[in-house]
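Asker: These protein sequence lines map, in sequence, to chains G and P. Residues in the first sequence are numbered from 45 upward in steps of one, following our numbering. Residues in the second sequence are numbered from 243 upward in steps of one, following our numbering.
Hints are computed from structural coordinates only; laboratory data are not their basis. Computed from a prediction, not measured in an experiment: that's the story for all the values here. Glycine included, C-beta positions come from ideal geometry on N, C-alpha and C. Among the clues, some could well be false.
Stated by the list, open to error - Listed below are the simulated DSSO-like cross-link pairs for lysine-lysine, each with C-alpha atoms no more than 30 Å apart in a straight line:
1) P/Lys-505 - P/Lys-245
2) P/Lys-288 - P/Lys-553
3) P/Lys-553 - G/Lys-212
4) P/Lys-506 - P/Lys-613
5) P/Lys-245 - P/Lys-288
6) P/Lys-463 - G/Lys-192
As the list claims (entries may be wrong) - Now the in silico label distances, taken between C-beta atoms and shown as ranges:
7) G/Ser-245 - P/Pro-345: 54 to 62 Å
8) P/Pro-244 - G/Arg-255: 49 to 57 Å
9) G/Val-223 - P/Pro-600: 48 to 56 Å
10) G/Asp-235 - P/Pro-530: 18 to 26 Å
11) G/Gly-182 - P/Glu-327: 30 to 38 Å
12) P/Val-531 - G/Pro-119: 56 to 64 Å
13) G/Gly-211 - P/Lys-245: 27 to 35 Å
14) G/Ala-210 - P/Tyr-461: 31 to 39 Å
15) G/Thr-236 - P/Pro-244: 40 to 48 Å
16) G/Asp-230 - P/Glu-569: 26 to 34 Å
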Amino acid sequence: MSEETTITRRDALLAAGTVAAVGAGAVGAAGVIGLVGTPEQAGEPELVAPYVTGGIPLDDPGADAWNEATEAVIPVQGQQLVPPRLPYAGLTELRARALHDGKTVAFRLRWEDEVVDDLDAVYRFHDAVAVMLPMSPGAPPAITMGAKGAPTHILQWRATWERDLAGKTGVDQIYPRVVHDVMPDDVLPPDTADLYWVGRSVGNPLSQTERTTPIEQLVAEGFGTTTHLPRTDAGGHGVNDGSGWTVALGFPARREGIGAPLEPGSTWSVAFAVWLGHQQNRGGRKHYANWVRLTLAPKS
Amino acid sequence: MPKVSNWQLGREMEYPYEGSRPERQFCMIMDTNKCIACQSCTIACKSTWTWGKGQEYMLWNNIETKPFGFYPTGWDVNVLDKLTEQSWNGDVYEGKTLYEAAPEGERVLGWTPDEEDWNHPNLGEDEPTGDADTVPYMADKPHSMMWMYYLQRICNHCTYPACVAACPREAIYKRPEDGIVLVDQERCRGYQECLTACPYKKTMFNLETRVSEKCIGCYPKVEQGLQTQCTTACIGRLRLTNFLSKPDAVDPRKPADYLVHVKKLALPLYPQLGLEPNVYYVPPVHVPVDYLTQMFGPGVEQAIETYNSAKEDPELLGLLMLFGSTERIIDTFDVKDGVARGYDGEGKEIVAVPLREPTFVRPLEFVSELKGEQVTGYRHNT
Chain G
45 MSEETTITRR DALLAAGTVA AVGAGAVGAA GVIGLVGTPE QAGEPELVAP YVTGGIPLDD
105 PGADAWNEAT EAVIPVQGQQ LVPPRLPYAG LTELRARALH DGKTVAFRLR WEDEVVDDLD
165 AVYRFHDAVA VMLPMSPGAP PAITMGAKGA PTHILQWRAT WERDLAGKTG VDQIYPRVVH
225 DVMPDDVLPP DTADLYWVGR SVGNPLSQTE RTTPIEQLVA EGFGTTTHLP RTDAGGHGVN
285 DGSGWTVALG FPARREGIGA PLEPGSTWSV AFAVWLGHQQ NRGGRKHYAN WVRLTLAPKS
Chain P
243 MPKVSNWQLG REMEYPYEGS RPERQFCMIM DTNKCIACQS CTIACKSTWT WGKGQEYMLW
303 NNIETKPFGF YPTGWDVNVL DKLTEQSWNG DVYEGKTLYE AAPEGERVLG WTPDEEDWNH
363 PNLGEDEPTG DADTVPYMAD KPHSMMWMYY LQRICNHCTY PACVAACPRE AIYKRPEDGI
423 VLVDQERCRG YQECLTACPY KKTMFNLETR VSEKCIGCYP KVEQGLQTQC TTACIGRLRL
483 TNFLSKPDAV DPRKPADYLV HVKKLALPLY PQLGLEPNVY YVPPVHVPVD YLTQMFGPGV
543 EQAIETYNSA KEDPELLGLL MLFGSTERII DTFDVKDGVA RGYDGEGKEI VAVPLREPTF
603 VRPLEFVSEL KGEQVTGYRH NT
């Protein structure tokens, strides 16, 4: 456990100013601290999203259009507020840019990660990044993915889902030389064979390999409460150049059915999280950034 | 952290959730002395539940040779090593449980097998141990031989499951009606915290659906009053699927209550870990007691004595003979007039087994016998 990434309960209390007990899940488990921040508390760095015309290249995180935005260096730290914690941090910062065009709000996120982890297997986890937004402007809810009655809107990109889109997923990809005996789908009607993929047949979004976007949208009211939103209107693409991931992701600014729209000229809070698959990051074992101010430039 | 009562430890212990013991607990009794490791149970389970793509490596049920067999490799010795000293004072456990020994920031003291640890389910098969210098491999007396035995393993459907404690999404739950522990296939997000936490290593990750799965206690059968697939496929008739009452509501007419609480013949697997596991084992009679005490707790010597004298205890003998006699779950049993009977929840007889099979004396029908000559061999009627 590295000293610089250790957050004690006391630190969290002092940093927050306000303590909100949020759903801990386990009764009597280690206290869950809700940090109710404000944009002022978030302080620097600040993210400014210029207003652009001519579209936002969600499918190309290397496109020139992203250069219109100033890059903010956002510190991240290992999640040690509640179990399961990240015992050590493998990353110190995330580089973020934001754009909007009145219809779409988008981010380009870059972090160092030389190892591509895009297959889920036995104790093998994927690289991922997430953006968290409040439901309305003003003081954001707890950094712990919100709190009961104070939900947050989360967009998560996973390397696994990029691979799903390419149709390269599952046992045959994890173990390329695997030889199968007769499988249920070889001999049973599809409806019956699907019963052997229970997660898929009951509709678990994590189990689906047929997808149209590598971005999942979620709402959460605290750690352990993430709930999938069955919508596909967020898009993006991630590329690893051997030194790290660069991921573009965007979503409709109107956020219909989710929260208040992100209007041009408005100021919001935004937070981020990064998972390094090869360091067994998953779920709460993640790197997170505290709330930072996000300003959407007015229409020019 | 709340305190819960763990009868297997003879004391209270810490657990992340309030205790909510089900009215009756799904359980299984295994008579280790009867197992020949034929793996019929393993295949029955595999061919029923885990022959899908993505489940190739999964064995919700497995039989391993002790002391050198493991699935996954080293599952028990690793957790015992991490827990360090485990001491009993009589029937009271004085060491720490996996919850009490959890490192800061974790709910359970766990460890994670490597990927290849799942690749050798028959590791150590039939390997005996003992002092080969002093004990002949083929000894005069069976019990002075070098030893090994077979351990039958399914999910323990623990009263205080570590998988439930560790899941940050509360995607694993214990059914209030029968205590069967299930992974909610809709809610799981594949974090695999349960794999690290479960000391018995009985949750497994599906490579295709990317969520965790585990032994479901054959609940679709249990809900119909039927014993599990591994039980009914057992040719050694060593298993009994049953229900265990709450410790303060023991009913000696019920098979599991009788074997676990009354006769104390069937013992939990590594009770010191603190999960209150609900698969109960009749310990092997030929294995050093120290080893067995580590594995099954302090009741081993008494259990072996009880088992060895079962032939003088018609009630116990009768119940053991009801194992494997019916697919239905036996609610109550009795032994009268040399016959063991099992009854359903309404008291209706569902099976009757004589303690002694009737002996038929074959009439003298062979020429040699009719002539009064000595019979030197047998002949099968064809």
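Asker: Given a hinted range of 31 to 39 Å, is it respected by the beta-carbon distance of G/Ala-210 and P/Tyr-461?
Answerer: holds (38 Å)
Asker: Does P/Lys-613 lie within 30 Å of P/Lys-506 when you go C-alpha to C-alpha?
Answerer: violated (55 Å)
Asker: Could one say that the CB atoms of P/Val-531 and G/Pro-119 fall in the range 56 to 64 Å?
Answerer: Cβ of P/Val-531 to Cβ of G/Pro-119: about 58 Å, so the range 56 to 64 Å holds.
Asker: Does the structure keep P/Lys-245 and P/Lys-288 at a Cα separation of 30 Å or less?
Answerer: violated (38 Å)
Asker: Is it true that the CA of P/Lys-505 sits at most 30 Å from the CA of P/Lys-245?
Answerer: Given pair P/Lys-505, P/Lys-245 holds - Cα atoms ~28 Å apart, limit 30 Å.
Asker: Is it true that the C-beta distance of G/Asp-235 to P/Pro-530 lies inside 18 to 26 Å, as the hint says?
Answerer: At 53 Å between Cβs, range violated.
Asker: In this structure, is the beta-carbon distance linking P/Pro-244 and G/Arg-255 contained in 49 to 57 Å?
Answerer: Since P/Pro-244 and G/Arg-255 have Cβ atoms about 41 Å apart, the given range 49 to 57 Å is violated.
Asker: Is P/Lys-553 within 30 Å of G/Lys-212, Cα to Cα?
Answerer: Outside the cut-off at roughly 61 Å; violated.
Asker: Kindly confirm whether 54 to 62 Å is satisfied by the beta carbon distance between G/Ser-245 and P/Pro-345.
Answerer: Cβ of G/Ser-245 to Cβ of P/Pro-345: about 38 Å, so the range 54 to 62 Å is violated.
Asker: Evaluate the given range 26 to 34 Å for the C-beta pair formed by G/Asp-230 and P/Glu-569.
Answerer: Cβ of G/Asp-230 to Cβ of P/Glu-569: about 30 Å, so the range 26 to 34 Å holds.
Asker: Looking only at beta-carbon atoms, does the pair G/Gly-182, P/Glu-327 fall within the given range of 30 to 38 Å?
Answerer: Once the Cβ atoms are compared, 55 Å apart, the range 30 to 38 Å for P/Glu-327 and G/Gly-182 is violated.
Asker: For the range 48 to 56 Å, tell me whether the beta carbons of G/Val-223 and P/Pro-600 fit it or not.
Answerer: At 52 Å between Cβs, range holds.
The structure does not agree with the numbered hints 2, 3, 4, 5, 6, 7, 8, 10, 11, 13 stated previously, though it agrees with the rest.
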